[in-house]
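**Student:** Protein sequence lines, in the order shown, are assigned to chains A and B.
Numbering follows my numbering, in which position 112 of the first sequence is assigned residue number 112; successive positions increment by one, without gaps.
Numbering follows my numbering, in which position 83 of the second sequence is assigned residue number 83; successive positions increment by one, without gaps.
No wet-lab data here; the hints were simulated from the structure.
Where a beta carbon is used, it is the ideal one built from N, C-alpha and C, also for glycine.
Worth double-checking, as some hints may not be accurate.
To be verified - Just so you have them, the derived chain B footprint on chain A, three or more residues with Cβ under 8 Å:
id, segment
1, 66-78
2, 82-93
3, 102-109
To be verified - Non-contacting residues of chain B with respect to chain A, defined by C-beta distances greater than 10 Å in every case (computed):
id, residue
4, M124
5, S263
6, V279
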Amino acid sequence: MTADAAVQVRDLHKHYGTLRAVDGLDLTILRGETFALLGPNGAGKSTTIEILEGYRRRTSGVVQVLGVDPDHGGLPWKARLGIVSQSTVESDQATVRELLTLTRGLYPDPRDVEEVISAVGLEKKADTRCNRLSGGQRRRVDVAMGVIGRPELLFLDEPTTGFDPEARREFWDLIRSLKDDGTTIILTTHYLDEAAELADRVGIITGGRLVDVGAVDEIGGAEARRPVVRWRTEDGDRRTTVTDTPASVVAELSAQAGGEPRDLEVIRPSLEDIYLTMIDATSKDAA
Amino acid sequence: MTAALTTAAPVRSTRRPTPSPGGVVGRCLRQIRFEITTYARSMDTLVFTFGFPIIMLAIFTSAFASQGTIPNPDGVGAGLSVGAYYLPGMVAAGILLSGVQNLAIDIAHEKSDGRLKRWGGTPMSPLVYFIGKIGQVIVTAVTQTALLLIVARFGLGISLPSTAEAWRTFAWVWLLGLTTSCLLGIALSALPRSGRTASAVVLPITLVLQFISGVYLQFNGLPTWMQNIASVFPLKWMAQGMRAAFLPDGFSQLEVGQAWHLSQVGVALVVWLVVGLVVTRLTFRWIRRDA
Numbered sequence: 001m002t003a004d005a006a007v008q009v010r011d012l013h014k015h016y017g018t019l020r021a022v023d024g025l026d027l028t029i030l031r032g033e034t035f036a037l038l039g040p041n042g043a044g045k046s047t048t049i050e051i052l053e054g055y056r057r058r059t060s061g062v063v064q065v066l067g068v069d070p071d072h073g074g075l076p077w078k079a080r081l082g083i084v085s086q087s088t089v090e091s092d093q094a095t096v097r098e099l100l101t102l103t104r105g106l107y108p109d110p111r112d113v114e115e116v117i118s119a120v121g122l123e124k125k126a127d128t129r130c131n132r133l134s135g136g137q138r139r140r141v142d143v144a145m146g147v148i149g150r151p152e153l154l155f156l157d158e159p160t161t162g163f164d165p166e167a168r169r170e171f172w173d174l175i176r177s178l179k180d181d182g183t184t185i186i187l188t189t190h191y192l193d194e195a196a197e198l199a200d201r202v203g204i205i206t207g208g209r210l211v212d213v214g215a216v217d218e219i220g221g222a223e224a225r226r227p228v229v230r231w232r233t234e235d236g237d238r239r240t241t242v243t244d245t246p247a248s249v250v251a252e253l254s255a256q257a258g259g260e261p262r263d264l265e266v267i268r269p270s271l272e273d274i275y276l277t278m279i280d281a282t283s284k285d286a287a
Numbered sequence: 001m002t003a004a005l006t007t008a009a010p011v012r013s014t015r016r017p018t019p020s021p022g023g024v025v026g027r028c029l030r031q032i033r034f035e036i037t038t039y040a041r042s043m044d045t046l047v048f049t050f051g052f053p054i055i056m057l058a059i060f061t062s063a064f065a066s067q068g069t070i071p072n073p074d075g076v077g078a079g080l081s082v083g084a085y086y087l088p089g090m091v092a093a094g095i096l097l098s099g100v101q102n103l104a105i106d107i108a109h110e111k112s113d114g115r116l117k118r119w120g121g122t123p124m125s126p127l128v129y130f131i132g133k134i135g136q137v138i139v140t141a142v143t144q145t146a147l148l149l150i151v152a153r154f155g156l157g158i159s160l161p162s163t164a165e166a167w168r169t170f171a172w173v174w175l176l177g178l179t180t181s182c183l184l185g186i187a188l189s190a191l192p193r194s195g196r197t198a199s200a201v202v203l204p205i206t207l208v209l210q211f212i213s214g215v216y217l218q219f220n221g222l223p224t225w226m227q228n229i230a231s232v233f234p235l236k237w238m239a240q241g242m243r244a245a246f247l248p249d250g251f252s253q254l255e256v257g258q259a260w261h262l263s264q265v266g267v268a269l270v271v272w273l274v275v276g277l278v279v280t281r282l283t284f285r286w287i288r289r290d291a
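Construct all of the structure, not just a fragment, from the sequences and the given hints.
**Tutor:** Below is the structure:
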């Protein structure tokens with residue numbers, strides 16, 4: 001196994017009776033890397049993450065997280081992790097500051113409480129009981145709880161659900177600063193722009209397997225990233241062509257039309273387009 | 001999220017970990033303070049667990065004020081007011097509520113709303129967590145018992161024991177009863193399937209126990225089969241031990257076997273303490289973890 005890997009997974013299986021939630025998954029995440037795990041609901045993302053976090057036990061396979069098998073991870077191992085689970089805690093009677101101060105005391109080398117409160121933008125709510133915060137503010141508390149211990153490895157399971165666009169941008173800035181700090185980050189999200197913005201590499205998981213993994217600008221292969229030219233004919237029909245030479249296609253079109261082709265677009269597939277194409281293809285394979 | 005986390009990271013291997021202030025003891029004390037703070041903010045707990053025995057004692061004393069005194073069975077000593085006779089039962093009920101009812105409902109809620117899972121993802125030791133809970137129970141139960149006795153003595157004019165021996169009995173029954181109740185509360189928290197049903201599962205158990213264990217109804221007036229059922233559970237023994245501490249000796253004639261049987265009280269509570277310990281050890285998980 002690679003020495004500079006934060007996470008190593010070989011042939012991971014998690015079965016519930018006949019259901020194979022995770023079915024032969026391989027994954028390596030390097031130290032200092034931000035890795036986004038993408039996939040539809042029920043693909044096995046959260047099951048995989050919870051196995052890495054030590055919350056669930058695997059059926060079979062080899063798993064090493066920071067060099068430790070999560071099934072045998074003790075408290076010193078947990079002190080090196082930060083976990084932001086998918087579900088938000090809603091009923092804390094404690095204030096933001098009380099909760100963070102208590103949690104801080106559990107770690108050997110934690111961050112400063114006030115620094116973390118301001119990093120998640122809750123300065124004005126620091127002495128408010130958590131159960132009186134809005135959903136988005138409570139999510140910020142979850143994130144603050146995840147980073148207070150200065151983790152080497154941070155799990156973010158759909159962290160920005162319930163954030164408005166501005167809060168999401170601010171959260172991205174926070175994640176970038178953690179990344180600059182050397183933190184390894186594993187992110188699951190349904191927002192593909194978020195993955196494209198933050199991740200060094202993404203992995204796409206469907207049916208309990210990793211179907212592709214690569215840099216954000218390489219995933220899906222060259223074919224999936226070929227530009228698309230779209231326009232309308234004089235009859236109003238929509239036409240689409242996939243090409244490696246969009247400029248010459250456009251030149252040809254404008255020559256034919258004797259001017260500006262109607263509704264002309266040149267589209268470079270976004271991560272979202274590539275992702276949807278891949279999910280579509282694998283679900284057709286399965287059918 | 002206005003400011004980013006700007007601290008530059010020194011190379012990890014050279015960073016000297018700063019141990020948390022106060023070490024393990026400090027950790028436990030902070031946990032207890034945290035639990036007490038959040039307990040005090042929960043209104044329904046304050047009414048139905050903390051205040052309940054005091055409210056019930058006040059109601060009993062006023063409702064039965066006209067019924068005069070319960071005569072001393074030895075025919076010589078002074079009789080007792082209804083309030084005075086029921087005070088030890090209320091003290092015992094307070095211990096049960098502070099331990100069993102409070103912890104079972106509280107921990108079941110924490111489990112279902114994700115707070116336990118969140119602690120499970122931190123280097124929180126289950127032992128520190130339990131010490132926080134038990135510390136909270138001890139502090140609130142001391143306050144509760146003290147308030148109950150102050151209200152009984154100065155509000156309702158009930159005289160309290162005057163011998164050192166009676167207070168010694170009170171002290172060990174209280175301490176052993178509360179420890180047992182804490183462990184049984186933690187053990188019972190595994191039973192409710194969700195936070196919403198926690199009160200519905202736990203309250204009937206503690207309420208029925210209070211009625212059959214001689215807290216609200218005189219134990220020797222209950223049918224034998226009910227006495228036998230009650231004798232299986234710890235509250236009957238806690239109430240009996242408290243009566244031994246609070247009531248004049250002549251009243252032991254009203255007990256099963258016409259004596260206080262304090263050694264049986266001790267044995268029954270220790271057995272339940274061990275049961276609570278074993279069940280907690282076997283069932284407590286931060287999350288409902290699958291195989």
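**Student:** All hints are to be evaluated individually against the structure, with a verdict given for each.
**Tutor:** Hints versus structure:
no. : hint    : in the structure
1   : 66-78   : holds (count 3)
2   : 82-93   : holds (count 9)
3   : 102-109 : holds (count 8)
4   : M124    : violated, 5 Å
5   : S263    : holds, 42 Å
6   : V279    : holds, 22 Å
In this structure, only the earlier hint numbered 4 is contradicted, and the remaining ones agree with it.
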